[in-house]
Structures are given as structure tokens and as C-alpha cells.
Amino acid sequence: MLEFAFNATIEPGNGLIAEVITSDFPWLSLSIFFPIVGAFLVPFIPDQGEGKQVRWFALGVSLITFLITVGAYKSGYEPTVNGLQLSEKISWLPDLGLNWSVGADGLSMPLILLTSFITSLAVLAAWPVTFKPKLFFFLMLAMDGGQIAVFAVQDMLLFFLAWELELIPVYLLLAIWGGKKRQYAATKFIIYTAGSSLFILLAALGMGFFGGGTPSFEYTVLAEKGFGSNFQLLCYIGLLIAFGVKLPVVPLHTWLPDAHGEATAPVHMLLAGILLKMGGYALLRFNAQLLPDAHAQFAPLLIILGVVNIIYAALTSFAQRNLKRKIAYSSISHMGFVLIGIGSFSALGTSGAMLQMISHGLIGASLFFLVGATYDRTHTLQLEEMGGVGQKMRIMFALWTACSLASLALPGMSGFVSELMVFAGLVTDETYTLTFRIVIAALAAIGVILTPIYLLSMLREIFFGKENTELVSNTNLVDAEPREIYIIGCLLVPIIGIGLYPRLVTDSYTASIEALVKRDLLAIEQLQKPASPLIRTKNLLPAFINAPRL
Amino acid sequence: MPSAAEFAWLIPVLPLIGAVAIGLGLITFNQAINDLRKPVAITLLSCVGASAILSYAVLAEQINGGPVVEHLFIWASAGNFNLPMGYVIDPLGAVMLSLVTTVALLVMIYSHGYMAHDKGYVRFFTYLALFSSSMLGLIVSPNLLEVYVFWELVGMCSYLLVGFWYDRDGAAHAAQKAFVVNRVGDFGLLLGILGLFWATKSFDFQGIADGLENAIALGAVPHWAALALCLLVFMGPMAKSAQFPLHVWLPDAMEGPTPISALIHAATMVAAGVFLVARLDPLYSQFPSVGLAIATIGTITCFLGASIALTQMDLKKGLAYSTVSQLGYMMLAMGCGAPVAGMFHLVTHAFFKAMLFLGSGSVIHAMEEVVGHEPILAQDMRLMGGLRKKMPLTSSTFLIGCIAISGIPPLAGFWSKDEILGQAFNSFPFLWAIGFLTAGMTAFYMFRLYFLTFEGDFRGDNKALQTELLSLSGQTIEEEETEEEGSNQSEHSGVIHESPWPMTLPLAVLAVPSILIGFLGMPWSNKFGTLLDANEALDMASNFQLGEFLLLAGASVLISSIGISIAFLAYYRKQINLTKLFVQRFSNVNAFLQNKWYLDDINHRIFVRGSRKLAKEVLEVDAKVVDGVVNLTGLLTLGSGEGLKYLETGRAQFYALIVFGGVIALVLLFGVLGG
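Just so you know, the protein sequences line up as chains G and E, in that order. Heads up, the first sequence is in the working numbering, so the first residue is 3 and it goes up one at a time. Heads up, the second sequence is in the working numbering, so the first residue is 134 and it goes up one at a time.
Read the hints as simulated data drawn from the structure, not as lab findings. The reader is advised that the hints may include incorrect statements.
Claimed, not checked - Distance condition first, Cα-Cα at most 25 Å in a straight line; then the derived DMTMM-like pairs of lysine to aspartate or glutamate: (1) K252/E with E469/G; (2) K183/G with E753/E; (3) K252/E with D481/G; (4) K394/G with D300/E; (5) K334/E with D509/G; (6) K468/G with D302/E; (7) K394/G with E507/E; (8) K394/G with D251/E; (9) K394/G with D168/E; (10) K468/G with E601/E.
Okay, chain G solo, but in the shape it has when bound (with noise of 0.2 Å):
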């Protein structure tokens, strides 16, 4: 069936994977088991039932693995490096060329550092967490070990198995902690991510075996692999729609408003700062990185979703009267840039991709935050239900402020500076037409204006005018307290230092990025020749990319 995979028509090995350094000490297999073996020592805390101890003890484990991979970045990883560091290879099954592999380069590290980041203030976030509190840490911090996994391991095999893994505790966590539709939140969140997961082992399973060579899952293996076109597209496919409901990507995105609708704050946290980026950080390693062929022919339809992604999730938030659900779809529209930087085959857009998603995990999870620490005095998520709540709650107004602008791209912010970067990249991406730019550009830039539109009517709504009398009176409405002022805090640090210099993150992936680019525009070079016939995207083509500067 998959006989045209076996005509390997790219020569393998053009040069631009480099060598792999190799660690001393295993950071990154301990950042991975370290949080997830302190998770099964939770049920062994003594606690009253209320989690005050098995909480402190959930926070030490989140912060020393932070602690870790802050090592592993600080001693064992050169940012100036493109390829493969801190690199860890045990023999698993040999004969299926199955080992534990996990290594990091300049797409992982900064998203690794971010999930240990972000999970140590979700601990902290989950602080007023005492409806069964040890399960609730025990899931959180199997799920610490289980994205920084995602991100680690170098192969595909355990990525799938990473991948499927760290679903169980979301689904839990939703499913007992959520809302009042949280069963079918769950529910739907399970079949959209595990259903289209499936993909992802197909596509694993066909580039393991085929190809040429001994199996291997391997990732740097697979990249010198040179599949044939036609089987490259059928993976990509594959793949886009797996991470495509990750991301998520228009039309797939209807799990994501269900699920961060019922999800408590602290979930919330990890959903939006992380999960998400799951399916961008796979985009980009597996689709952009691995299927460089497949990658030139459908680069323009994921600029063209993106815009979708931008405007269409943009006008739903607007819409949107639930305040959780405005915050998951404004999620949505930002990961839109996402998209638009990995489709431009321009290091500037792509590395702008990849600030995006740093820096959407930073914004949306301080968003997220704030949103649980409002329902948590409001006791309603409902616009309507509030107003004039400013007068109050005058730091909380402060907070909300600062981190709406931080989402609307304002300068100063790290949000401003990736779509800077996507923006800038791809106007100056010569591989594509120029009306096909100039339209892409105008139209991602309505989504500047719409986004202060949904982000400043939401401000004003809940905080502005006067005092909602039915709210006041009903409710204990007490200004934000140390340890939220402390989170935000936390989040605004680097959203604010990014914002000022973006080099100090930058750097850390650009080499990697350089790399990846420069292997997808030698693709588009190989495009031109006569293509097969199957595929019919190939046709479209010459609309979107111009003709090879040779």
C-alpha cells in the first residue's frame, strides 16, 4: 500500500542536523521521574485531609524540578548549539530500535523550561485546592513529568506514548475538579485529543519502519531519512490533524472552550500555558522538522489557517458573555500567529512562532489565573452578572489591566514582540507571492484591532462603571491576596523582560531555528521538479510560492 515511501527521492544527510553532545549527568531523565516519582509518594504524606501538608509537599517537588531543568539549561546546554544536547540514549528494545531517548535542542529547552515553570505556579495556584487534595497534587505532578517528556524524549514512539500518557491526568483533573458540565468537557476533550492521537502512531509506526535503513524511531534518524513525497504528505496529514486539535486549529478547536469552560484555575493554568503548546512544539519538530517535503506544499495552508484562527476565534470571544470561555477562545486566536510563523519559511517567523507560544504560555496562564481567582469572589463567570467590581478589588483591577494589555500585543510585553517577529517575517519571506503576503499580513492585522476590542469591552465590564448592587451584596468581594499578587508577579517577570529584550530567550533557539528553515527552503528548491500526481495541493501552488531563487 505504501510502496512509493520506499522511492526515497532527497538524498539523505544534507549536512544540517548536527552532531549530538551527549551528558554527564541525566537532567533531563530526572527532570522527568522526579516529579513523577514524588507524585506516587503523595499518597504517603501525612495530611488531615484538607491538603495543607500533601499541598507543601506538591510545591517542593514542582520547584525542585524547576530547579533541574534551570541546571540542565544553566550547565549542559549551549544555546549558540544547533542540534542535540544533554542528549541521554539507553537501549530499550533493540530490535525495534526503541530506546530511551531525550535530549534537547533549541525547540525543546525553552518550552521544557516553561512547563516546569508554569507547573510550579500552578501548585501554588491550587493552594485553595481541598476536595481531594492528594489525588488532585498526585495528577498534577504526573503531569509535570509527563510534558516535560513530551517536549525531552527523542523519539517517536515515546513522544506517542508521552503524549497519550499525560492525557489521562487532564481528563481526571477535569473530569472530578471541572465544572458542572465537566463529564462531557472531559469526555470530549478525551475523544478529540486521544481520538486523533491515533495519527500520531500511525504516522510513527510508517516512519519507523519505512524509508529504508533498520527500524528506528529515532528522531534524528528519521530526519536523515529523505521519505518519498507522497508518503511524507500522507504523515503530514496525519500529523496535522493530531496536533491541529492540539494547538488548536479552526474548525478543530470545539474541545477547547468545553474543556477550559469547566477547568478550575489551576488545570486551567496548565492547559493554556502548556498543553496547547504541545501541538505547536509538535508542528514544528515533527510536520515542519521531519517532513520537510510535505511541509513546502501545505506551509500555505497553515498561513491561511492561521488567519482563520486569528479572526474567526477573535469575533467568537467578542461574542462570548462566559469569561472563561472569552479567555479560550482569545487562546485560540493567538495561536493563529502560531501557525503563521511555521507556515513562513523565514527564520525571523518561525522564531517568532516559537516566542509566541514562550510567550502565550506565560500570558494565557496569568489570564487563566486571574480568571479562577475572580470566580472565586464573584462566584459568577457571567459578564453580566458583574460590573464595577474595581472599586473593590483595586489590585486585582491593577492585575487584570496589566496582563489584558500584555495579551493585546502591547509593547513592552512579550506578546508584542513575537507577532512583531511573525508579522516581520513573514512580509519579508520572499519564498511567497507578494499578494499572497500583502493579504495574510492585512488580514492578521485586523486581528490587532479586534483583540483590544473583546480583551478592553471584558475590562470594562467586569471592573469599570458602576457597582453591580445584586454582586455586592451577595458576595465578599476581598482584593487579591500576597501569594496571587506572588504568581502574577512571577508571570509578568519574564512577560515584561521578554517584552524589553527578547534576546534573553531568542538566543536560546535561534541556531536550532536557522537549521530548520534552511532544510525547508532547500525543500521548496527540490518542489519544482515534477511532482506525483496524488496529492492535488500541488496544483495550488505556484499561486501561493514563486519560483526558487537559483
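Fit chain E to the given chain G structure using the hints.
Leaving out everything else, chain E in the frame of chain G:
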């Protein structure tokens, strides 16, 4: 001795440090910091004061022929793309730095009096310092991208300050409108910047201009595209400097505290658009048709603002429309290819308009003693009158401002406005005619404001009129509100009196440049022009013809005097009844003006309601169609609806386990087979 320009980066940084320190204090120790009013005010005043001193030193250096200083560092890089940031000091920047720090300093002193009773006093000062920092950063920006960064930041400060009294619905809406309308302009600005970067690989002002010229010469960029990019970039200044049709946010922004209206919405931020066009002069001067477009928009704005100002009854709104009109004059000058003239009007206008706004604040402050803290009452001129005797300092400075803006020699406005009209006369005679007519209207509406506010009898204690005004605005005096007023009576003296010294001192200080600064820009010896552009000034001086100057200036003075006389007869001597003469005869025109050319209504109907409706429809589609279709396919892949029901009963985790277990099984299977 090191040059002051080397330390110029401190000018925006100092107020920023102050603002950040106090802002952090407000977040962490809210109560304690809020009680430290005086120390906070003194700290921030000294920050801005130090910036001001540094700015004067920089200006002095530039006047003495100091070199242009530029310092850059690489801010962001990817691939072969490098983005430098830094600061630049040149004569244009030095003038603006001194202007902004001076006005900011005076407004801060004024605010100490004006905001004395406000519980947000500390927050207000923090925002003021933050704004000063952003505005100063904008001025020293060496490239378009950095300008964009600070452009947005001043927009944010404007948002925060317009919405300062956030318990008022009007303020909430006005703040949002200001931000969103400015974002519409920024949409164009951003696309223009990106397009220019594509065309020239540069963000630098001179680099863009040279690059575009080359690109057109080489045929790499078609001429129409270059024009389109120039116009896109101009959308930014259109929004920020309140040019038609993006001016709609500025009058609403008067919901902010009056010191803000003076600083941000009259003297500095709204002038940023004009400043940016001046910065882009090397680019715009290549395209005469872009110049025509700018001049036309400027003239429309100029006329529109003045015509609406004719009928305004709200003192601040009247001044706001006057600002719109004067900004139109500045843009007209820019379009005529006379950035020096435009910048000169910017400087003179900043002084006398800041003074006028601060004066109106002083009046409102006094009126609140009588009518309470209700902007609809405190700002309505129908309730004022006769304030001259009670507020001599406020009224005399206000009068100076009125004379200055009307263009009566030798006050500042005469010289700058006349220079613009002279340039327009030579470039676009038709636009000159409209600008000329507008000069008469300006004189009329400004003196109308003056006579209604300061002359005649005081009408503030007319309770019936107060009720009528409130009901006109759709408000009724609620029970609790009257009660509150009753309790306020003890607090408020109920008598109009002159404002305290922190408020009158800035007025007096601002009166000096309002009278004298015009002498720096006399057409035969233009010191201001020599500083900014020595060639243009020399050119003007050598082409100067006394006859032509006298003719044009005489005509301007004449039409202004006519405007003043009508106002005098109608509102002071009450010898002309304008209601009978004009309003009843041309009721359509009057309604058109009173409804602000119906632009707000059109805006509301098309854009606000339209976007809301569209958003609602998209959400509907999302919930019903998209969700439905995808759910259905999910169902189909599961086999049947039964499966979903089963999963919904709470055992869905098994699904994941099955998938997970399946993988393990596969792995083991392969392992065993392989083994």
C-alpha cells in the same frame, strides 16, 4: 566636559524609574503608599524635573550647533535580520523634549491642587510619570519601529488616564473608544512599517526614505505601492492626532481628569502624530500627491473641528474640538511641505492650549463647589457666567489664550498660524481659503467660550436649569444623589473662588510663552526655523516680501476680528440674537453641527453594532455548525451514539487506557517477535 546628549537616554528613563517604583509600591503596599501623597508627588516631580533640566541642556547644546547624537544596540535578531534600538538627539527632538518636560512638569504641579481631594491621587501621579516617560521615549526614537513601541505605550497611558475615574460609565466607554480607534490607526501604521521594511530593509527614517527612492528608481517597488505605504503609515498619525475621520475618540477622551486633557489630549500626545509626520519628512517630501492627501485631510479636520466647536455647550468639549481643528492646521502645514511651520504651530499651540485646558479645569474645580461632582453640570457653560470677578487670574490667562489662538498679533498663535496659512496660500490656494475661513470661526468660538464662562451673570445656582440639563443627558437626580449633594453642602462652600496656587501658578507660567514665543518664528528672522532646518529658514527669509505678508496677515487679523466682534455682540452685549438669526433659519445646519456631523452615530451604527452582530453570528455558527459537524464526525468514528453515551457515563478514561495499553501491547509484540 561630556555633552548632555550623551546622557539623554536618562530623560525618558528617570520618570520611568519613578513610576515603576511607585507602581510596585501601590501593588504591594497599597494603603501605605496611598497615604504618602506628598513624598510621592515630590519624588515624581523631581524625576520629571531632572528630565526637564537635562532636556534644556540638550536643547541649549543643539542651539549652539551641537552634533546629532545617535546610540544604538541590537535589540532582536534572527537570521540575517537585526533590529537596532537606541536613541537619537537632533534639533527636532530637543525642542520636543523641552516642550514635553515643561508642560508635564507644570501639569504635575497643577494636579497637586486639582486632584487634592481625589482618592486616586498617587495612582494619578504614577500614570502621569509613566506617560511622560513613554512620550519622551517616543521623541528620542531613532527608527519607526521604536516609535511604534512608544506610540502604543502613550496610547496605553491615555487609556489608563481617560478611564481614571473608572466608576463612571462615560469614562469607561471613552477609554475603550480611544484605544480601539487608535488601534485602527495603528493597524495602518504597522502594515506601513512592515511594508516599508519589506521595500527598504530598514526601519530608520533616513534609511527608509533613501531606500524607497532607490527601490523606485530600480523598479523593485512600483510607484503606487510606495504611495500606498506612505498613506498606510499616515493612518497612525491620523488616529493619534485626531484627523478626520479618526478624530472621534478625542472629544470623548475629555472624560479623563482635566490635567490629562491639557497634557495628553492637547499639548503632547495628540501632537505625536504631527511630530511623526515631521520625522518622516524625508520620505513624504518625495511624493507630492501624499502631501496633497495630508493637506486635504488636515484641512477637512481643521474645518470640521471648528464647525462643531461653534455649538458646543460643554466647556471642555469646546476646547477639545478646538484642539482637533488646530491639529488640522498642523497637518495642513505638513502637507504643504512645511514641517517647520507645522512644528512651530505645535509648540505655540501646546503652550496656549495647555493653558486654556488648565484654565477650564480651574473653572470646573470652582464650579464643583456649587453644582457638585457631576461633569454634566460642572462643565456646562449655561451654568457659568460672571466668573471673571471671582477668578481674576484664571480669567485673564484664559483671555490671553483666546487671543493667542485667534491669531491676534503679537501673541504666539498669530505667528505660527499665519506661517501655515502663508504656506498653504502658495501651495494649495483652495485649502488656504478654507483655513482662512476657519480662522474666523476659531476666533468666534473661542470668544464665545470666554464670554459665556467669564462675563455676564452667574447662572450656576439655577436649580431648574440644572435639572433640565441632567434630564437632557438622560439622567435623573436620584434620591441618593440629592442626599449626597446635601451632605456635600457642608464640605463645599457653595461659593466660587479662585483656585489655590498650585493651580494658578502653572497658568501664569504658561501665559508667558503664549504671549512671547511667537517672536521666535517671525518670517523675516525665524530663529525656530533656523534651529530645525536652517536652509528652509534662510529660504523663507530671502523670499520674504513685506507686502505679501502684510496682505495675508492683515486679512487673517481682519477675519479673526470679525469673529471676535460677532461673539462680543452676541454673548457680551447681547445685541445679536444668534438663535433667531441663525439657529431658527438654518435648523438643519445647526442640528448637523450639534450632532457632530453625525459621525458618532454612523460610527456606532456601522462599526460598533456591526462588529457585535458579526461576532454574535460567528459564535452561533461556532456553537451550532462547527461544533455540531465535528462532534458528529467524532460520533461516526466511534461507531454509534451508544458509544458516546457509554463514554459520557464517566468511564472515558478507559478509552485512553485502551489506546495506551494498545501501544504497549504493540511494542511488546514487536519486541517478542523480534526477539
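Exercise for the section: Assess, step by step, whether the Cα of K394/G is no farther than 25 Å from the Cα of D300/E, and give holds or violated. Expected result: Distance of about 11 Å is within 25 Å: holds.
Handout entry: Restraint status (C-alpha distance of K468/G to E601/E at most 25 Å)
Key = Roughly 23 Å separates the two Cα atoms, so the pair holds.
Problem - 25 Å limit on alpha-carbon distance, applied to hinted pair K394/G and E507/E - result: Given that 25 Å is the threshold and the Cα spacing comes to 22 Å, the pair holds.
Exercise for the section: Sort out whether D168/E lies within 25 Å of K394/G, counting only the CA atoms. Expected result: 18 Å, holds
Exercise for the section: Could you grab the alpha-carbon distance between K468/G and D302/E and see if it respects the 25 Å cut-off? Expected result: The given pair, whose Cα atoms are some 7 Å apart, holds under the 25 Å limit.
Practice task
Take the C-alpha atoms of K334/E and D509/G, compute the straight-line distance between them, and say whether it is at most 25 Å.
Solution key: 22 Å, holds
Handout entry: Hinted pair K183/G and E753/E, Cα distance within 25 Å
Key = 20 Å, holds
Exercise for the section: Take a quick look at whether K252/E and D481/G sit within 25 Å of each other, Cα to Cα. Expected result: 17 Å, holds
Exercise for the section: Would you mind confirming whether the straight-line C-alpha gap from K252/E to E469/G stays at or under 25 Å? Expected result: Answer holds: K252/E to E469/G is near 17 Å, not above 25 Å.
Exercise for the section: Starting from K394/G, check that the Cα of D251/E is at most 25 Å away, please. Expected result: 16 Å, holds
Every hint, counting from the list given before, is met by this structure.
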